[in-house]
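A.B. asks: Residue numbers (UniProt numbering), protein chains in the order written: chain G, 1 to 231; chain L, 1 to 344.
Just so you know, not all the hints are guaranteed correct.
Have a look at the derived ranges for each label pair, beta carbon to beta carbon [to be verified]:
hint, chain 1, residue 1, chain 2, residue 2, range
1, L, Val125, G, Gly119, 55 to 63 Å
2, L, Ile156, G, Arg216, 39 to 47 Å
3, G, Gly131, L, Ser106, 47 to 55 Å
4, G, Arg225, L, Asn2, 53 to 61 Å
5, L, Arg229, G, Asn228, 28 to 36 Å
6, L, Gly44, G, Arg33, 30 to 38 Å
7, L, Asn23, G, Met1, 37 to 45 Å
8, G, His150, L, Lys40, 37 to 45 Å
9, G, Asp49, L, Lys40, 46 to 54 Å
10, L, Ser74, G, Asp49, 45 to 53 Å
11, L, Phe130, G, Gly51, 46 to 54 Å
12, G, Asp49, L, Pro131, 49 to 57 Å
13, G, Leu209, L, Asp37, 13 to 21 Å
To list a few chain L residues with every Cβ distance to chain G over 10 Å, as calculated [to be verified]:
hint, residue
14, Asn67
15, Arg173
16, Asn197
Quick list of in silico lysine-lysine cross-link-like pairs, DSS-like style, CA-CA up to 30 Å [claimed, not checked]:
hint, chain 1, residue 1, chain 2, residue 2
17, G, Lys54, L, Lys300
18, G, Lys211, L, Lys300
19, G, Lys227, L, Lys227
20, G, Lys87, L, Lys22
21, L, Lys40, G, Lys223
22, L, Lys170, G, Lys223
23, G, Lys227, L, Lys319
24, L, Lys40, G, Lys211
25, G, Lys59, G, Lys145
Calculated directly from the structure, the hints in this document are not laboratory data.
In this text the structure is predicted, and so the values were computed from the model without any measurement.
Think of the CB as a built atom: it goes at the ideal place given N, C-alpha and C, for glycine as much as any other residue.
As a plain string of letters, each chain reads:
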Amino acid sequence: MNILAIDTSTNVLGVGVVSQDKVIGEYMTNVKRNHSTRVLPAIDYLLNDCGVAKNEIEKIVVANGPGSYTGLRIGVTIGKTLAWTLKVPIVGVSSLKVMAANARYFEGLISPVMDARRGNIFTGLYKYKDGKLQQVEEDKHRSVKEWGDHLKDFNKPVMFVGDDSLIHNEIFSSILNDNAIFAPLTLNVPKPGELALLGKDLPGEDAHLFKPNYLRLSEAEAKWREKNRNN
Amino acid sequence: MNEQYILGIETSCDETAAAVIKNGKEIVSNVVASQIDTHKRFGGVVPEIASRHHVEQITMVIEEAMNNAGIEFSRLSGVAVTAGPGLVGALLIGVEAAKSIAFAHSLPLIPVHHIAGHIYANRLVTELQFPLLSLVVSGGHTELIYMKEHGHFEVIGETRDDAAGEAYDKVARVLHCPYPGGPHIDRMASEGEATINLPRAWLEEGSYDFSFSGLKSAVINTVHNAKQRGETIKPENLAASFQESVVEVLVEKTIRAAKEYNVKQILLAGGVAANNGLRTALRKAVAELENIELIIPPLKLCTDNAAMIAAAGSVFYEKGIRADLTLNANPGLDLESFNSKLIN
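Chain L extracted, bound-state conformation (with noise of 0.2 Å):
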């Protein structure tokens, strides 16, 4: 077999990440420059700033990735790049960056839709077996995704209001946590005990949609009496109480549609894939079932990253899947109608 490798660009948010994988499985080469600290100062991403740190750090980071890789770009497959969903103004620099590499080196181009490629973060772990489940969680996405096999996605839930991750961030705020605040609110449930009473959203009977709004409101309401009877609430109890509620519901879905779809093996991905409480709840599930494997990302396949958008690139390459240099940033990418539409 030829050697696959892809160049894989990412930069539909705060971070800007350039990869090389070899066929798809194997990690050559991950650059990740973060604005973390950038944005910290105004408690979440400012898109403008954004922007302009990709402007600033984008063939820097493609070298290194390059160079990591030590390959030229001669012996590329193809440049994969994350299309969408996003900030438009920031996914505008890896398009762009990604388009004229293509260009001076007239290599293939290869779309990726970002939560693609939150999912086959998973196969730069294991080898992917269908039909499968991913659940897919971070601070925009909170999404329940079966794949019959490679490139086909159907979306079978979703949120209705917030993502996961967007009440985490809020709640973050509530408890005075630093952004980005989903890992303190980890850190802080993992100290303190579930003792206060919050509600889970269910929706209708069998829907595998979610909904975080109403939960965010109920610790809001809930801090905001404590002050006002002048009582205190101990901050780790109320993060315990707050995780519980959001991880009951995500593994419980789970659960649910793993079963139904007779899956064999369920994808955690996205940034809240990082999340300790929802990792632990998510395996005791999963060890209860029958053949049902579980697949979780490391860490840093979790985050945003190009070698999950690389990995992507890498099965649609073959699937054929193409952009020419018209190719656009767009926020708001849809999964389904986006692949189907390529492959056929």
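Just chain G, with the same shape it has in the complex (with noise of 0.2 Å):
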């Protein structure tokens, strides 16, 4: 089975292609340039690389979210459009999950962190249990104080995986104090081959259905709803 992972939820931007059992090709920049521009010429250059035909994809695998709002669609219209005009499954496997696998064989609680701007951040909680990456708490949008307190409580190892970690590193440290592991830069960039085998196996979702988990409602909808929670 040939699989396309696509992953545009942050400044990386990664093509992934597993053919069988194996990682056969990745496409990875970690650099702030235009998604837009580079993306299918990412997924063009690589197929052709590696061999692959387009008609020959028999299942596509996107990043979708949380992440940057714009990162995240174009993602996501390529993943659908491509899947609904070739006629293959898609599947959605969440962004921060894919930055948690990259920490395989730390036996602690893994956090990956996406920065949302003003002492926020998106993370979830995550392990690895019988080498298999389980979900410990879900995403979400949270302050990173109230997550560091958080994760105080369950008085083990956490690593926080991902180039944003940093960005709250000092703030993490102060909490956990050891018990605050950074991973290593390059385990802080997600792995595209990491995604397509995350998703290898979920069932195919339907392509026109198929959109970004925001993990947040748009700016003008949360003041719409906080200005009329009471009428």
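Join the two chains into one complex using the hints; note that each chain is given alone, in its own frame.
C.D. replies: Take a look at the structure:
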């Protein structure tokens, strides 16, 4: 089975191709540059280089959020349009789960971190059990401080994964002390091959209904609800 | 002649649209999913919400257009998409979807300027004859565009501040009309009389440019002053006075330009082309001219749609205009330079 994986949730642009049980190609950049001009060319390049024809793609896996709203929409739109028009199944995998997957041999809790500004982050809690990545707490928009306090209660080592975890390393270290562990740089970048494998056995979703998990209301919607709460 | 089918995709604002056009002139399918109801409670289009809706609608809308056309992707000559101008996040959805389809089926990708699309909506009504003049009026645009041939656009006049449609929306808000306000003002104007003296911005002599911000302020002041004096203004009369001022300037400048440029046709384009007051006044003025044909598209081709994008795409396809997979959405795309650069 040929799987095409697409991740545009953060500054990382990741495209992966997994064939049978082998990761046969990965394209990854971690620079703040426009995804729109680069994702389809990257897919085209990687498929060519791997010798996989478009009609040989059998499944598409997309990192579906959370992340940059525009970034998510680019990957999701490309993924769902390709899946629909090539008539292949599409599955979504949490963008945070893909990051957490990097901490494979770590025997504690894993907290993938995406900065969400104003002292907030997108994060969830994961752990590896018997070689399988399991979700301990759901992905959510959280305050850094509250998340740190919450993790402290586990009294266990926590590995923070993702470039953005370094923005908040001081606060996590001050709360968790030695239990705060920061992933090495090579593990901070989500791996497209990992994304493909995480989605490999998931059941296909309806491409038409496939959409990003923003995990946040748009600002206008949130304000409107606030204003109309008592009406 | 081989049959040419173009799939058009448009997502520049709050309509998710896809259409298939045959030989540049015949609408085979035309699907528009409007978000008006979603944005109503915010009093205008919210870009982030528009983008979110486009992602959810895009493949369904394209599928419906393809199903209604009853053709396979392999029958298409190309995929045309609005590359700009518009809301960048909204445009992106159409651009990424169009690129994905072009990539998946190895089809040519044709970038289309949104305004070129509005102009080419007219070719779905009547064959274009050059030279021609197009008056483009919408929520984001008020332009007079001269075309000496297919694919050639020369902007001879444009608004220096608000677009005509924008002025309509703002006046509608002053008169407490629900969003979108344009059609309400148009209806109210037909029920009232232009009894209030409002300014007309002619600008310097000979200019084909427009300005509507002064008019908008005059309307606001009129309402404000009346309130302070405890007088009531009949909203229908204010709407009629406002509309008369807008329409008079639009029509006068259009007619003057049509004469100066010696055009064979005048085309009305853009969402405000749906305005009855404007349609009627322009028809009356053009009827007094000799040898100039006026084309006004039906209402559903005036507002944003993808049939017009495919119609323009069809002409650009013949001219060899192509984009590759690096095509990006460009919210400030310039009509004149965009097309001339691609043709040469």
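A.B. asks: Hey, is asparagine 197 of chain L genuinely clear of chain G, shortest beta carbon separation above 10 Å?
C.D. replies: At roughly 38 Å from the nearest Cβ of chain G, asparagine 197 of chain L sits farther out than 10 Å, so the non-interface label holds.
A.B. asks: Between glycine 44 of chain L and arginine 33 of chain G, is the Cβ distance one that fits in 30 to 38 Å?
C.D. replies: holds, 32 Å
A.B. asks: Between lysine 54 of chain G and lysine 300 of chain L, is the straight-line Cα distance small enough, at 30 Å or below?
C.D. replies: Violated, because 37 Å separates the two Cα atoms, which is more than 30 Å.
A.B. asks: Determine whether the Cβ-Cβ distance between valine 125 of chain L and glycine 119 of chain G falls within the hinted range of 55 to 63 Å.
C.D. replies: For valine 125 of chain L and glycine 119 of chain G the Cβ distance comes to about 57 Å; the hint holds.
A.B. asks: Using the C-beta atoms of asparagine 23 of chain L and methionine 1 of chain G, is the stated range 37 to 45 Å upheld?
C.D. replies: holds, 42 Å
A.B. asks: Is 46 to 54 Å respected by the C-beta to C-beta distance linking aspartate 49 of chain G and lysine 40 of chain L?
C.D. replies: holds, 49 Å
A.B. asks: For the pair supplied as a hint, lysine 211 of chain G and lysine 300 of chain L, confirm whether the alpha-carbon distance does not exceed 30 Å.
C.D. replies: holds, 29 Å
A.B. asks: Is it true that glycine 131 of chain G and serine 106 of chain L lie within 47 to 55 Å of each other by Cβ?
C.D. replies: violated, 41 Å
A.B. asks: Does lysine 223 of chain G sit within 30 Å of lysine 40 of chain L, going by the straight-line distance between their CA atoms?
C.D. replies: Holds, at about 15 Å.
A.B. asks: With respect to the beta-carbon atoms only, verify the hint that arginine 229 of chain L and asparagine 228 of chain G lie 28 to 36 Å apart.
C.D. replies: Since the Cβ atoms of arginine 229 of chain L and asparagine 228 of chain G sit about 35 Å apart, the hinted range of 28 to 36 Å holds.
A.B. asks: Does the Cβ distance between aspartate 49 of chain G and proline 131 of chain L fall inside 49 to 57 Å?
C.D. replies: holds, 50 Å
A.B. asks: Could you see if the CB distance from isoleucine 156 of chain L to arginine 216 of chain G stays within 39 to 47 Å?
C.D. replies: Given range 39 to 47 Å: holds, Cβ gap about 46 Å.
Violation of the numbered hints given earlier is confined to hints 3, 10, 17, 23, 25; the remaining hints are satisfied by the structure.
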